[in-house]
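Visitor: Please model the complete structure; the sequences and the hints are all you need to start from.
Residue numbers (the working numbering), protein chains in the order written: chain A, 1 to 187; chain B, 188 to 590; chain C, 591 to 1384.
Derived from the structure by calculation, the hints contain no laboratory data. C-beta: ideal position from N, C-alpha, C; glycine also. Any given hint could be a false lead.
[What the hints assert, rightly or not] Per the computed footprint, the stretches of chain C lying under chain A, defined by three or more beta-carbons under 8 Å from a beta-carbon of chain A, are:
id, segment
1, 666-674
2, 1010-1018
3, 1128-1139
4, 1200-1213
5, 1275-1287
6, 1328-1335
[Stated by the list, open to error] In silico lysine to aspartate or glutamate, EDC-like type, Cα no more than 16 Å apart, as pairs:
id, chain 1, residue 1, chain 2, residue 2
7, C, K838, C, E920
8, A, K174, B, D470
9, B, K542, A, D94
10, C, K734, C, D1055
11, C, K643, A, E135
12, B, K542, A, D34
13, B, K436, B, E292
14, C, K1007, C, E800
15, C, K1296, A, E44
16, A, K35, B, E193
17, C, K1296, A, E46
18, B, K542, A, E60
19, A, K79, A, D94
20, C, K976, C, E800
[Unchecked claim] The calculated label-pair distances, taken between Cβ atoms and stated as ranges, are:
id, chain 1, residue 1, chain 2, residue 2, range
21, B, G467, C, K1383, 40 to 46 Å
22, C, Y1203, B, R544, 38 to 44 Å
23, C, F1306, B, A507, 32 to 38 Å
24, B, R544, A, A166, 42 to 48 Å
25, C, P1216, A, R133, 27 to 33 Å
26, A, A2, B, V238, 41 to 47 Å
27, A, R133, C, E1191, 21 to 27 Å
28, C, G1352, A, R133, 39 to 45 Å
29, C, V1179, A, R133, 32 to 38 Å
30, C, G1352, A, A166, 51 to 57 Å
31, B, V238, C, K1313, 46 to 52 Å
32, A, A166, B, I349, 53 to 59 Å
33, B, G466, C, G1352, 46 to 52 Å
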Amino acid sequence: MANYGMALDYKNCINCKACEVACKEENGVQLGADKHRIWVGVKEIEGLWPNLSIASSTFEPSQCQQCENAPCQEVCPTKATHYTKDGVVMVDADKCILCSYCMEACPYDARYVKEDTMTVDKCTFCSDTRLLRGETTTACQATCPTKVRTFGDLDDPNSEISILLAHREHRTLKTHLGTKPKLFYLI
Amino acid sequence: MFVLAEKGMKIIERFIPMRHTDIRELLNFKKTPLNLLVAFTTLVFLVLFVVGATNYLIHGHHAYGVTREHPWGLMIAMYIFFVVSSTGLCIMSAIGHVFEVEVLEPFAKRAIHGALVTLLSGFIVIFLEIGHPLKMMIYNTISPGLTSAIWGMGVLYSLYLIFIVIEFFFLLRHDHKWAKRFGIFGLVVGVAAHSNLGAVFGFLVARPVANGIYYPLYFILSAMVTGCYLIFLMYGFKYKLNFPPEMQKTLVATAKILGLLLAILLFFEIWRMLTAIYGGMEDRAETALHILKSSPFLVGEILLGIVIPFLVILLSNGKAIKTMVFASLGGMVGIFFMRYDLVHDTQLYPMQTLKLREYQLPPTFIEYFPSTTEIFIALGAIGIAITLYYIGDKILYLETDPD
Amino acid sequence: MKVEISRRRFLQGSVALSIIGGTSIGATSLLSDENEHGEMRIMTRTTNTKAQKVPFLCGMCVNKCAGVARVEKGVVVKLDPNPYFPKSRNMLCPRGNAGIQTLYDPDRLKYPLVRVGNRGDGKYKRVSWDEAYDAILNGTDKFKGLLQILDEEKDNRSTIGYCNGEGLSKEGFEELMGLKIGTPNYVDEISICLETVLGGYSATIGAYGEADMNNADYVIIAGANRAEAIITPDTMDMFKRSKGRGLKTIVLDPRFTNTAAKADRWYAINPGTDLAFVLALTYVVFSENLYDKEFAKKYLIGYEDYKNHVIKNSYTPQWAEKITNIPADEIYKTAREFMSSEHPIYYQGRRSVFAKNDFQLRRAQAIFQGLSGNLDKKGGIIYGKKLALPKEDVNSPMYAQAQDRFDKEGIAIFAGKTGSWIVFRNMVLEGKNPYPVRAMFMRKHNPMAGVPNTKKTEEFLKKMDLNVMIDILPSDTTMFCDVILPEASYLERTSPVASYGFLEPAIVQRRAAIKPMFESKTPEVIYKELAEKLTEPLWKNSLKYDEDVQDDTKGMKVDELAKYYKENGFDLTEPWEKSVEELNKERVVKAFGEEAWNTLEEKGVYYPNMDKYHKQLNPNEYQYYPEDKKNYTTKGDKLKVVVNFKNLAKKGVDPMPTWHDEWAFKVPDGQFRLVTGRHAQFTQSGTTNNMALRDLIPTNYIWINKREAKKRGIEFGDMLEVKSSVGKVHIKAYPTEKIAPNMIFMLHGFGGSSKEMEMAYGKGGNDASIIEDKIEPVYGAAVMHETNVEIRKV
Ligand SMILES: Nc1nc2c(c(=O)[nH]1)N[C@H]1C(S)=C(S)[C@@H](COP(=O)(O)OP(=O)(O)OC[C@H]3O[C@@H](n4cnc5c(=O)[nH]c(N)nc54)[C@H](O)[C@@H]3O)O[C@H]1N2
Ligand SMILES: Nc1nc2c(c(=O)[nH]1)N[C@H]1C(S)=C(S)[C@@H](COP(=O)(O)OP(=O)(O)OC[C@H]3O[C@@H](n4cnc5c(=O)[nH]c(N)nc54)[C@H](O)[C@@H]3O)O[C@H]1N2
Ligand code: SF4
Ligand code: SF4
Ligand code: SF4
Ligand code: SF4
Ligand code: SF4
Ligand SMILES: [Mo]
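Guide: See below:
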């Protein structure tokens, strides 16, 4: 029993998308630009050449927030979307009826339709691949050139993520919606 | 086939009074231009349905215009369109035969028949939307997601179906006592199911335009409006605008109720827009402004769906019932846009506001246009509704009891 | 190619199982399907089954990062970073991850092919390897063979040209073609990539060096885009410390890059004017006496001459402002900050052939670095150490008939082995070659996309009697070849061990994750077999024409002749007597012992005391060497910075960096300056057919200033025709404020013309087909950013 979360040192991110490709290969995510579990968002730069605002140009790596209070789970009619004992929000493909309600409900655009099973899919924190094999990092974390991500057990005070969160300021996305995300952006 | 069907009907005939049980007779109707036009259109729609449904069965959701950003499309809108019609008719019927408002009693049976027909059409559409409908029936039962409005809707609409079938059964057998009892059940469950459908949207914290108490209330209101429009249409067609005096009284009363409902609905719409735009939530306000400027909203929802019928009623004091038949036709088009916009507008504002690929414009309001398959199925479903209605009309006694 | 088994059936069902080199593959971990547009998609996924984990070195770009391949039932399902290699710091970039898609690319070359149609029309016949080698030696009815050419040219080996792109098996190809077969006419990526920066830095500080980005506190990074053009370990080190976290970052680039997004300041410099900027920085430093005087006295040879030169020429920031588009006070500020920082670095740069003055620019940068004294020490440019591996000498024969290379027109310093692509090609085209060049042997190189002026490259290839290509994909260049040899991709081959030097030196080995698929072969096996095929007939040709050989062997008996042939290196096969695997073991055991070899085999990396030094610091980071064992300072008193390089004057090159007014940035009205470059999700032309990467960038676009685009009614996605004096391309528009109104930018590597690469074909524009073939005057390296173009909406 763990309570998995992830801390993102997002200022390190260079928008290379190694994480996206690694996730696809590891987890058999089908190719296709809109079939992704993980992404990096970029804002259009502000200003007129050559007076551009460097500060306006940030890279925001993101993925399913593994909400503690997940709207997607709440709305699922068949409990296909559920919490694992490790606090990971997962979709049981056998139970998913593809009503797409969870896609409507997720405030982070974290879900997509997996075409071979025609069910909804999302980031699993690599629970069914790497973690199952006893590995302790996710694919997106391991591959990142600038080491943006730290994954780990929030309930273990000695885990690297707990230490990071204890020592560094951080924020979450769309906090006001009350979803209690478990992706923490280090400031 | 025919023989079997006829045998079946013979059996049913023992329980319910019926008009014709001869299949060939079923295809017989007066060959007036209007009838022929309706018959032809219906036939075309049915063919489109077969084409669309086949395409969907082969290609699945690829055949639809839905995307990651806009997962719900025309199918959901159509489903809502039908089930709202059903609830509307059920409520209107109940006012007459459950609450015994006498002037409205004449259409009790026909309205319930309509409620049944539209509900079945809605179910057909939703079966072609849900990716795995059979799985749905299994897991809705053995693994119920009690917090899910869709689950609630599934359960309530199933119960509703059962209740109104029974209600209809007793109505047809002129068993008022039982019809009334089940009418009450049907009404309660129907209203619950229906407000729950509103909650499907209302619960979406992710979607500020939809989130809140507004939709559950608005749904009941607009359902009744839809019910009124459909009553005008059914009777307008049945009597070819030559209403018998009894009917005239009923329809004038209906128009007056409708006028009141429309006024409230308009009031609702105005406040929805005002709170959205000045409510201090940036994304909600932007979306609302976007909606406000769109023609499906202005022309469809507001003009056709509310303002024109309302003016007809207002200016004639509810007496222009012939005009109301035409206004109702426009009204139903407006109602369709209400449903379509509800689905589309909820998804307008992107959940992802940053661009994710190098060569891409930043996301703006999400666009969606139904695919041909979706349009075929949607029209087809209307064809199915008309066909079912026609059959019922042909074989059953849908008028008020002879007594 | 019409003989190919339909790509749609690639890897599907039983056909797949039989075509993949006889090995059976698990159909569950390799999935293929088609998307709604009928495009094929291949995907892997890992499972919980037992897997082999094979250490490899990435071959998707020049960096050679270390990884571990997860192999399940014969399928490579995942590539993970290998935490042991100090250079790659436990990471794989997007391209590294997408290597699986290159391995299983349905368009891969699967069998040897021999041309049966006309050049460029794509008609090939599938043949056996022996038939392919035979076609190289003896030709077919469509083209001449090597033997006939050398016979006609009386054994002048120099009539054969060859080229090769960067990689671990490059050396073997040079041994075969250059040392053994005996032609000096070699060109590679150096003269289109980093020749001037290598040359400039080597001439000035004795080496290219390595920037210690982990400890620097101030960096000027000009014309290098580390966030998108990934160089390890710089990329990984820089961006953990930029954005106010210890490494102040000043970026100079005419366009706003992802590196600029991480900078403290970004200067939109005019292309080709960096030299004026550095000279002005130097002016400030000299005029304000900001330099490290002790260090200068000790190590900077001729710096006083330079001081006079810079002051006398008044290379003031005010002067530079007009040239560079960078405000004078910003230049003052930057120079002062740089010199007052403890560990400042003027980053060397990599692809450097931007403008004609590039050699002088790199000299000026290196000297400027020297003035800070931050050289050969922690946080500066360091020299480091390398672990030595024993080298096998190649016994190369002397061919009397062979002649010297000739590609020297317009070049001051002839660089020797690697030559100049443009000069070589153009002289052959213009008939300025003193002897004919009649064949090209090519490997892992795509000059149709990489060398400016594609039309000329095409004509050059068409002029040859024989073109041979060793590649993994049917590239644009491959489609102009007569014999095509399919190589095993990097995941299917064990490569020669390599030694990586600098701060934390290590020995690394790429091991084959799976056996070569289809009928592909590893490069060393191809060299060996080709050598076996050629050696006897070519030897006989030498006997026929080579007067030295004839003199030497007059009257020899058969066995004496055989001995002579062996002893004098005419036996071409000798370097390949042992397999790569055997040689690797032999060399490593010899240098570091058996234990080291076992470590290398298991972990892919070895360095002395690795078991003690290597530690995991946190879930993401490792220590490779303890701080006190890192090679920060290795030069000691041998360090020297050659400021006034008098020898250069003799060759007509400025002995000290000097600005010439003709270098000013000028674009005629209505035209645009074209700049090209990299993106993190692509490697040049080599990855455009990679399905996973294509998802990220399906095609290149042209960056055009938003306001300029608006004026011309151009919107996002509009198709434009971009035209220069040498050609035109069609490419979509991407209006953005990230570029100046008189410039455009496009990603390099797109716009493939080979129809056999289904993903890449016709997607975007090929920049090489519009870049004018200009050279810089020192080495004859290609100048990439001096082309002006016109654009129009189509
Ligand atoms: N992802 C990825 N990484 C790679 C490669 C790849 O293909 N893809 N290739 C590898 C290879 S072979 C190399 S050589 C390196 C290249 O690495 P870099 O040299 O860093 O990369 P480029 O993008 O080619 O060019 C650098 C920048 O120079 C800018 N520039 C152009 N003209 C001028 C000028 O006059 N002055 C200044 N200050 N800037 C100018 C361009 O806008 C561009 O952003 O990258 C290596 N790494
Ligand atoms: N306009 C413009 N031109 C440029 C540049 C630019 O930025 N702009 N950049 C320049 C630079 S820095 C460089 S380094 C050069 C690079 O130029 P090239 O060395 O030609 O590199 P690529 O374009 O990547 O083409 C590599 C070829 O090798 C093949 N290949 C890949 N892997 C293997 C393998 O394992 N074995 C074999 N046999 N073949 C393989 C690929 O299919 C492809 O055909 O281009 C230069 N040219
Ligand atoms: S791999 Fe790391 S640096 Fe690259 S895009 Fe992902 S988070 Fe950003
Ligand atoms: S981010 Fe979306 S998909 Fe993930 S747990 Fe939260 S609501 Fe569900
Ligand atoms: S699409 Fe699947 S996972 Fe999502 S709510 Fe419906 S049943 Fe649950
Ligand atoms: S944690 Fe695993 S599943 Fe989630 S985005 Fe990262 S790699 Fe993909
Ligand atoms: S930088 Fe990327 S492509 Fe280049 S070797 Fe490393 S992982 Fe491979
Ligand atoms: Mo390069």
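Visitor: None of the hints should be skipped; say for each whether it holds.
Guide: Evaluation of the provided hints:
| no. | hint | in the structure |
| --- | --- | --- |
| 1 | 666-674 | holds (count 5) |
| 2 | 1010-1018 | violated (count 0) |
| 3 | 1128-1139 | violated (count 0) |
| 4 | 1200-1213 | holds (count 4) |
| 5 | 1275-1287 | holds (count 5) |
| 6 | 1328-1335 | holds (count 4) |
| 7 | C:K838 - C:E920 | holds, 15 Å |
| 8 | A:K174 - B:D470 | holds, 12 Å |
| 9 | B:K542 - A:D94 | violated, 33 Å |
| 10 | C:K734 - C:D1055 | holds, 6 Å |
| 11 | C:K643 - A:E135 | holds, 14 Å |
| 12 | B:K542 - A:D34 | holds, 12 Å |
| 13 | B:K436 - B:E292 | holds, 11 Å |
| 14 | C:K1007 - C:E800 | violated, 24 Å |
| 15 | C:K1296 - A:E44 | holds, 12 Å |
| 16 | A:K35 - B:E193 | violated, 52 Å |
| 17 | C:K1296 - A:E46 | holds, 12 Å |
| 18 | B:K542 - A:E60 | holds, 10 Å |
| 19 | A:K79 - A:D94 | holds, 11 Å |
| 20 | C:K976 - C:E800 | holds, 13 Å |
| 21 | B:G467 - C:K1383: 40 to 46 Å | holds, 44 Å |
| 22 | C:Y1203 - B:R544: 38 to 44 Å | holds, 41 Å |
| 23 | C:F1306 - B:A507: 32 to 38 Å | violated, 52 Å |
| 24 | B:R544 - A:A166: 42 to 48 Å | violated, 36 Å |
| 25 | C:P1216 - A:R133: 27 to 33 Å | holds, 32 Å |
| 26 | A:A2 - B:V238: 41 to 47 Å | violated, 52 Å |
| 27 | A:R133 - C:E1191: 21 to 27 Å | holds, 23 Å |
| 28 | C:G1352 - A:R133: 39 to 45 Å | holds, 42 Å |
| 29 | C:V1179 - A:R133: 32 to 38 Å | holds, 34 Å |
| 30 | C:G1352 - A:A166: 51 to 57 Å | holds, 54 Å |
| 31 | B:V238 - C:K1313: 46 to 52 Å | holds, 48 Å |
| 32 | A:A166 - B:I349: 53 to 59 Å | holds, 57 Å |
| 33 | B:G466 - C:G1352: 46 to 52 Å | holds, 50 Å |
Of the numbered hints listed earlier, those contradicted by the structure are 2, 3, 9, 14, 16, 23, 24, 26.
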